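Colleague: Okay, here's what each chain looks like letter by letter:
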Amino acid sequence: MRKLILSTLFLVIIAMMVYSCQSSEQLKQDIYYANGRDLYIKHCQNCHGSKGEGLNELAPPLTDTVFLKENKQKIACFIKNGASGPITVNGKKYDGKMPDFATLANIDIAQIVVYITNTYGNKQGTYSPEQIAEDLKNCK
Amino acid sequence: MKLNRSILSAFLFGTVVFLASCQDQKKLPILGPREAATIKNADGSTTVDTVYKTIPAFSFLNQDSTLINNDTFKDKIYIADFFFTSCTTICPTMHRSMKTIFDKYKDNPGVMFLSHTIDFKYDHPSVLKKYAQKLGVDGSKWQFAYGSKDSIYKIAEKDYLVAVIEDSTAKEGYVHQGWLILIDKQKRIRGAYDGTNPEQVAQLTKDIPVLLAEDKK
Numbered sequence: 001m002r003k004l005i006l007s008t009l010f011l012v013i014i015a016m017m018v019y020s021c022q023s024s025e026q027l028k029q030d031i032y033y034a035n036g037r038d039l040y041i042k043h044c045q046n047c048h049g050s051k052g053e054g055l056n057e058l059a060p061p062l063t064d065t066v067f068l069k070e071n072k073q074k075i076a077c078f079i080k081n082g083a084s085g086p087i088t089v090n091g092k093k094y095d096g097k098m099p100d101f102a103t104l105a106n107i108d109i110a111q112i113v114v115y116i117t118n119t120y121g122n123k124q125g126t127y128s129p130e131q132i133a134e135d136l137k138n139c140k
Numbered sequence: 141m142k143l144n145r146s147i148l149s150a151f152l153f154g155t156v157v158f159l160a161s162c163q164d165q166k167k168l169p170i171l172g173p174r175e176a177a178t179i180k181n182a183d184g185s186t187t188v189d190t191v192y193k194t195i196p197a198f199s200f201l202n203q204d205s206t207l208i209n210n211d212t213f214k215d216k217i218y219i220a221d222f223f224f225t226s227c228t229t230i231c232p233t234m235h236r237s238m239k240t241i242f243d244k245y246k247d248n249p250g251v252m253f254l255s256h257t258i259d260f261k262y263d264h265p266s267v268l269k270k271y272a273q274k275l276g277v278d279g280s281k282w283q284f285a286y287g288s289k290d291s292i293y294k295i296a297e298k299d300y301l302v303a304v305i306e307d308s309t310a311k312e313g314y315v316h317q318g319w320l321i322l323i324d325k326q327k328r329i330r331g332a333y334d335g336t337n338p339e340q341v342a343q344l345t346k347d348i349p350v351l352l353a354e355d356k357k
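Heads up: the sequence lines are chains A and B, in that order. Okay, so the first sequence: first residue is 1 according to the numbering used here, each after it adds one. Okay, so the second sequence: first residue is 141 according to the numbering used here, each after it adds one.
Quick caveat, the hints were computed from the structure, so don't treat them as lab data. All of these numbers come straight from a predicted model, not from anything done at the bench. Treat the hints with caution; some may be incorrect.
Calculated cross-link-like contacts (lysine-lysine; reagent style DSSO-like; alpha-carbon spacing at most 30 Å) [stated by the list, open to error]:
#: 1; chain 1: B; residue 1: LYS166; chain 2: B; residue 2: LYS327
#: 2; chain 1: A; residue 1: LYS93; chain 2: B; residue 2: LYS274
#: 3; chain 1: B; residue 1: LYS244; chain 2: A; residue 2: LYS92
#: 4; chain 1: B; residue 1: LYS274; chain 2: A; residue 2: LYS74
#: 5; chain 1: A; residue 1: LYS42; chain 2: A; residue 2: LYS123
#: 6; chain 1: A; residue 1: LYS97; chain 2: B; residue 2: LYS269
#: 7; chain 1: A; residue 1: LYS93; chain 2: B; residue 2: LYS281
#: 8; chain 1: B; residue 1: LYS244; chain 2: A; residue 2: LYS97
#: 9; chain 1: A; residue 1: LYS51; chain 2: B; residue 2: LYS270
#: 10; chain 1: A; residue 1: LYS42; chain 2: B; residue 2: LYS166
#: 11; chain 1: B; residue 1: LYS261; chain 2: A; residue 2: LYS42
#: 12; chain 1: B; residue 1: LYS281; chain 2: A; residue 2: LYS51
#: 13; chain 1: A; residue 1: LYS42; chain 2: B; residue 2: LYS269
#: 14; chain 1: B; residue 1: LYS281; chain 2: A; residue 2: LYS97
#: 15; chain 1: A; residue 1: LYS42; chain 2: B; residue 2: LYS327
#: 16; chain 1: B; residue 1: LYS244; chain 2: A; residue 2: LYS42
#: 17; chain 1: B; residue 1: LYS246; chain 2: A; residue 2: LYS97
#: 18; chain 1: A; residue 1: LYS92; chain 2: B; residue 2: LYS269
#: 19; chain 1: B; residue 1: LYS274; chain 2: B; residue 2: LYS294
#: 20; chain 1: A; residue 1: LYS137; chain 2: B; residue 2: LYS193
#: 21; chain 1: A; residue 1: LYS92; chain 2: B; residue 2: LYS327
#: 22; chain 1: A; residue 1: LYS69; chain 2: B; residue 2: LYS274
#: 23; chain 1: A; residue 1: LYS97; chain 2: B; residue 2: LYS311
#: 24; chain 1: B; residue 1: LYS244; chain 2: A; residue 2: LYS93
#: 25; chain 1: A; residue 1: LYS140; chain 2: B; residue 2: LYS270
#: 26; chain 1: B; residue 1: LYS166; chain 2: A; residue 2: LYS93
#: 27; chain 1: A; residue 1: LYS74; chain 2: B; residue 2: LYS311
#: 28; chain 1: A; residue 1: LYS51; chain 2: B; residue 2: LYS244
#: 29; chain 1: B; residue 1: LYS269; chain 2: A; residue 2: LYS93
#: 30; chain 1: A; residue 1: LYS92; chain 2: A; residue 2: LYS42
#: 31; chain 1: A; residue 1: LYS51; chain 2: B; residue 2: LYS327
#: 32; chain 1: B; residue 1: LYS346; chain 2: A; residue 2: LYS51
#: 33; chain 1: A; residue 1: LYS92; chain 2: B; residue 2: LYS239
#: 34; chain 1: B; residue 1: LYS270; chain 2: B; residue 2: LYS193
Just the calculated beta-carbon pair ranges, DEER-fashion [unchecked claim]:
#: 35; chain 1: B; residue 1: GLY276; chain 2: A; residue 2: THR88; range: 15 to 21 Å
#: 36; chain 1: B; residue 1: ALA177; chain 2: A; residue 2: ALA102; range: 20 to 26 Å
#: 37; chain 1: A; residue 1: PRO86; chain 2: B; residue 2: GLY279; range: 23 to 29 Å
#: 38; chain 1: B; residue 1: LYS311; chain 2: A; residue 2: LYS93; range: 26 to 32 Å
#: 39; chain 1: B; residue 1: LYS166; chain 2: A; residue 2: SER128; range: 21 to 27 Å
#: 40; chain 1: A; residue 1: ASP95; chain 2: B; residue 2: ASP247; range: 27 to 33 Å
Quick reminder that beta carbons are idealized off the backbone N, C-alpha and C, glycines included.
Build the full structure now, drawing on both the sequences and the hints.
Modeller: Right under this line is the structure:
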């Protein structure tokens, strides 16, 4: 009996150790996500909402997974340079103007991208400042 | 003896409940400066009364390019604020909060909304109209007011007690406070709530029924 208890305890501890051992990549993504959330609250939430729901027809929601996936390379440009002109999100047309956040560094933008592509029902993995730099070169 | 005691305690309990229910209903404070004035009664005698700050007569163009004035808000309570359509900092949050309240009182004609634009250069009525439509509040319940810089800035600072400044050093050209001002049927200020603070907006949501109940008596 004593043996059984001890061995179960041992197994549980091993399991917890394995579980808590995240990969460094995952850890990095979590840090980006947390920082990205802070930046989101500061810069984006007033228009796009605390749940990414947008603001009626004034600001599009961030819940369109397909849009985010297809336009992931453009998000950096939208944030850095602003955006205007019609876009279609969730099947609805939005024709407003988004201001630029030109003072944000590439790492800030990467963190915001990680946050919005991994929340509100999205799960699109990590993104790096290097990728942001690459994306910004291709802005129209 | 035992019976007596329980009767006594029941009586005491009843008295307490009765007294508690007798208290006056909660009233909202009347804000702003006030002064004592001598009022002439109908019979020729005079009494001293308090004169509260009220919103003076105004006249602006709304989102349909028609004139609105005090009579538009006659016998209504309304929530006023100052904003501009290209503002991306506090205005979306303020109007998100106001929209929630707007939706709640959609069917109550006694509650109205009045947003003044402080961007007298760009926010002409047609721009306001587009903004209202996009916000989903197009109609007479929520008025968007456009006026000259002097008239809007003066009524903001002198009457609604909201600071607004045209500031060329600010990124968007204007600086203003995010107060939502609650005005009663006598045009007095009954509350000021930070439209970007969820707790204060919740308080405003609670205060509107109190103000509406006050007028029913």
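Colleague: Now tell me if each hint is right for this structure.
Modeller: So, going through the hints one by one against the coordinates:
| no. | hint | verdict |
| --- | --- | --- |
| 1 | B/LYS166 with B/LYS327 | holds, 20 Å |
| 2 | A/LYS93 with B/LYS274 | holds, 11 Å |
| 3 | B/LYS244 with A/LYS92 | holds, 25 Å |
| 4 | B/LYS274 with A/LYS74 | holds, 25 Å |
| 5 | A/LYS42 with A/LYS123 | holds, 22 Å |
| 6 | A/LYS97 with B/LYS269 | holds, 16 Å |
| 7 | A/LYS93 with B/LYS281 | holds, 26 Å |
| 8 | B/LYS244 with A/LYS97 | holds, 29 Å |
| 9 | A/LYS51 with B/LYS270 | holds, 25 Å |
| 10 | A/LYS42 with B/LYS166 | violated, 37 Å |
| 11 | B/LYS261 with A/LYS42 | holds, 28 Å |
| 12 | B/LYS281 with A/LYS51 | holds, 28 Å |
| 13 | A/LYS42 with B/LYS269 | holds, 29 Å |
| 14 | B/LYS281 with A/LYS97 | holds, 26 Å |
| 15 | A/LYS42 with B/LYS327 | violated, 36 Å |
| 16 | B/LYS244 with A/LYS42 | holds, 28 Å |
| 17 | B/LYS246 with A/LYS97 | holds, 28 Å |
| 18 | A/LYS92 with B/LYS269 | holds, 20 Å |
| 19 | B/LYS274 with B/LYS294 | holds, 28 Å |
| 20 | A/LYS137 with B/LYS193 | violated, 58 Å |
| 21 | A/LYS92 with B/LYS327 | violated, 41 Å |
| 22 | A/LYS69 with B/LYS274 | holds, 26 Å |
| 23 | A/LYS97 with B/LYS311 | holds, 15 Å |
| 24 | B/LYS244 with A/LYS93 | holds, 26 Å |
| 25 | A/LYS140 with B/LYS270 | holds, 27 Å |
| 26 | B/LYS166 with A/LYS93 | violated, 46 Å |
| 27 | A/LYS74 with B/LYS311 | holds, 24 Å |
| 28 | A/LYS51 with B/LYS244 | holds, 20 Å |
| 29 | B/LYS269 with A/LYS93 | holds, 18 Å |
| 30 | A/LYS92 with A/LYS42 | holds, 26 Å |
| 31 | A/LYS51 with B/LYS327 | violated, 37 Å |
| 32 | B/LYS346 with A/LYS51 | holds, 24 Å |
| 33 | A/LYS92 with B/LYS239 | holds, 20 Å |
| 34 | B/LYS270 with B/LYS193 | violated, 34 Å |
| 35 | B/GLY276 with A/THR88: 15 to 21 Å | holds, 18 Å |
| 36 | B/ALA177 with A/ALA102: 20 to 26 Å | violated, 55 Å |
| 37 | A/PRO86 with B/GLY279: 23 to 29 Å | holds, 25 Å |
| 38 | B/LYS311 with A/LYS93: 26 to 32 Å | holds, 28 Å |
| 39 | B/LYS166 with A/SER128: 21 to 27 Å | violated, 56 Å |
| 40 | A/ASP95 with B/ASP247: 27 to 33 Å | holds, 30 Å |
The structure fails hints 10, 15, 20, 21, 26, 31, 34, 36 and 39 (numbered hints given earlier, in ascending order).
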